[in-house]
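Novice: Here are the chains, one letter per residue:
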Amino acid sequence: MSTRKKVFWWIGGAVIVLYALFPIAWIISISLKAPSDIANGQFTPTDVSWVNYSTILTGSASDLFLPSLRNSFGICLIATAISCLLAMFAAYAIARLDFPGKRLILSTALGVAIFPVISIVTPLFNVWRQIGLYDTWPGLILPYLSLTLPISIWTMSAFFREIPWEMEQAAQVDGATTWQAFRKVIVPLAAPGVFTTAIIAFFIAWNDFVYGIVLTSTEAARPVPAALGLFSGASQFEDPTGAIAAAAVIVTIPVVVLVLLFQRRIVAGLTNGAVKG
Amino acid sequence: MSTTTLPPTKKTEPVSAPKGGISDRARSERKLGWMLAGPAFVVMLAVTAYPILQAIYESLFSYRLTDPDNRAFTGLTNYAVILSDGLWWQSILVTLFITVVTVAVELVLGFGLAMVMAKALSSIRPVVRAAILIPYAVITVVSAFAWQFAFDINTGFVNSWFAWLPGVATDTDWFGEKWLSLLVICLAEIWKTTPFISLLLLAGLAQVPEVLQEAAQVDGATWWQRLWKVTIPNMKAAIMVALLFRSLDAFRVFDSIFIMTGGANGTESVSFLAYRQTIARLEIGLGSAVSVLLFIVVVLIAAAFIKGFKVDLSQARGE
Numbered sequence: 001m002s003t004r005k006k007v008f009w010w011i012g013g014a015v016i017v018l019y020a021l022f023p024i025a026w027i028i029s030i031s032l033k034a035p036s037d038i039a040n041g042q043f044t045p046t047d048v049s050w051v052n053y054s055t056i057l058t059g060s061a062s063d064l065f066l067p068s069l070r071n072s073f074g075i076c077l078i079a080t081a082i083s084c085l086l087a088m089f090a091a092y093a094i095a096r097l098d099f100p101g102k103r104l105i106l107s108t109a110l111g112v113a114i115f116p117v118i119s120i121v122t123p124l125f126n127v128w129r130q131i132g133l134y135d136t137w138p139g140l141i142l143p144y145l146s147l148t149l150p151i152s153i154w155t156m157s158a159f160f161r162e163i164p165w166e167m168e169q170a171a172q173v174d175g176a177t178t179w180q181a182f183r184k185v186i187v188p189l190a191a192p193g194v195f196t197t198a199i200i201a202f203f204i205a206w207n208d209f210v211y212g213i214v215l216t217s218t219e220a221a222r223p224v225p226a227a228l229g230l231f232s233g234a235s236q237f238e239d240p241t242g243a244i245a246a247a248a249v250i251v252t253i254p255v256v257v258l259v260l261l262f263q264r265r266i267v268a269g270l271t272n273g274a275v276k277g
Numbered sequence: 001m002s003t004t005t006l007p008p009t010k011k012t013e014p015v016s017a018p019k020g021g022i023s024d025r026a027r028s029e030r031k032l033g034w035m036l037a038g039p040a041f042v043v044m045l046a047v048t049a050y051p052i053l054q055a056i057y058e059s060l061f062s063y064r065l066t067d068p069d070n071r072a073f074t075g076l077t078n079y080a081v082i083l084s085d086g087l088w089w090q091s092i093l094v095t096l097f098i099t100v101v102t103v104a105v106e107l108v109l110g111f112g113l114a115m116v117m118a119k120a121l122s123s124i125r126p127v128v129r130a131a132i133l134i135p136y137a138v139i140t141v142v143s144a145f146a147w148q149f150a151f152d153i154n155t156g157f158v159n160s161w162f163a164w165l166p167g168v169a170t171d172t173d174w175f176g177e178k179w180l181s182l183l184v185i186c187l188a189e190i191w192k193t194t195p196f197i198s199l200l201l202l203a204g205l206a207q208v209p210e211v212l213q214e215a216a217q218v219d220g221a222t223w224w225q226r227l228w229k230v231t232i233p234n235m236k237a238a239i240m241v242a243l244l245f246r247s248l249d250a251f252r253v254f255d256s257i258f259i260m261t262g263g264a265n266g267t268e269s270v271s272f273l274a275y276r277q278t279i280a281r282l283e284i285g286l287g288s289a290v291s292v293l294l295f296i297v298v299v300l301i302a303a304a305f306i307k308g309f310k311v312d313l314s315q316a317r318g319e
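Here the protein sequences come in this chain order: U and R.
Oh and the first sequence: position 238 is 238 in the working numbering, straight run, nothing missing.
Oh and the second sequence: position 229 is 229 in the working numbering, straight run, nothing missing.
Keep in mind that the hints were calculated from the coordinates and are not lab data.
Nothing here was measured: the structure is a model prediction, and the numbers come from that model.
We put the CB at the ideal spot given by N, CA and C, even for glycine.
There's no promise every hint is true.
[As the list claims (entries may be wrong)] Partial pick of chain U residues on the chain R-facing surface, computed with a CB cut under 8 angstroms:
#1 Pro-138
#2 Leu-145
#3 Phe-209
Working from the sequences, and respecting the hints, build out all of it.
Specialist: Here you go:
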């Protein structure tokens, strides 16, 4: 490749990195501005200040932020675990077994994936209040499955198709039943796909705002995005901008860590699940 | 336009599918299939089909939560009320505007990103790939706040940086007017979701046969000709799947609007209208009717894509 071409692709790469990171750099920068500095009209803070972080972690906003962080982690991890478990069995059946209804299951997953969340949440708001699920963890975990389960089934089926199934047959030839072949041979081979699917499902659950804001009312179950949306200053004279920015940075850290650690797998998972010739 | 594609290859039949009658093994496989996939299937139906049926039922009542005694069956009145109200049509227009603008920009931008990612030198590829995933993984609410703060008249830097542009002044209030607000909302949505579309397109790019590219190059086709006559026709399926997914996703836009404008100045989307009727005004009947209408519109868009553009969803399903 010629030097000119190399320089061209380097610039292209640099532009992408700048594009992707600029708003993140901005929200970090604003989180480091002291309240008196917020309106300085500049990108960077005049002086670096940690006051916003102490507001949300130990100060006046910690009652709102810390419980929501705990809720988000708990609810998203449980929803991810349940959908991965269900999807694992379903994807095995889809990738491996021959049975009528396979297409029906995949089409249903597609239909659920494109379902407008708001059409689900308005009836749930009423029903959850009547049966006592409003503002509880299970009250969010159940609807979160509508977000995480379809993509889990798709992504995992795509991964499972690439597993060398001859090994399963070899195990069956050696006398293992279908179930034993699944458990002893396929599960270890499938683990990377399951893991990647779990990360993608977790991203989607972590991103939810609609369910969080409609189906909760207190810190008993309110997840982080909903809490952020409801952030206002301790008094009406206090500008919440800095505190919101600091909270935004903290909730972004887990996803950035996951992206940096597993970027190759996440890309494979997203593209495999969606388009495959 | 003459395009160059390879003839479709015949799919091989799965070895485990015997022709003719059902053997014992096939029957047990069938049973095991439903045993394994059944729970996921039931859960998917329970969390979507049940709520939408409930919404359809509730949409037939005049029902306000603060006034439960006057709940009354009114048939399709709620739908008539909504469809004859300017608010509904305004929210449809706003939603369509956001959908068309963001998806069009994202398609072009995402294609560019995909090309860079496909061709990027192996030394910088992991960096580019990690960077592109960050907007995808960042919470929509966080992205909305970042863009809102950047444009905000008090906290932002956009006004002071871009005051030299015509139409931008140091006191431009981006959230005081409908179209400027929608512009910022679109920017935030584009930033957040272009990576997703570019990854789908990247997968499509990988499917374009290298032989065809080389043949076209040998025949003296320019880069531009190869792009339009070889690359794009060969990844049409990937483009259509990306378009379908992003359009339906964009049509549900809610988070950014909630954070940035709260639906003020006529920036309400259909999802936001449903939310406001049900949650803020506690008009369960009207809100449910809006939800059902939104659902119908989404189904129509999906059907239009699949029938009109012949999106081959078996591609999407990886079959």
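Novice: Which of the numbered hints are not met once you compare them with the structure shown?
Specialist: 1
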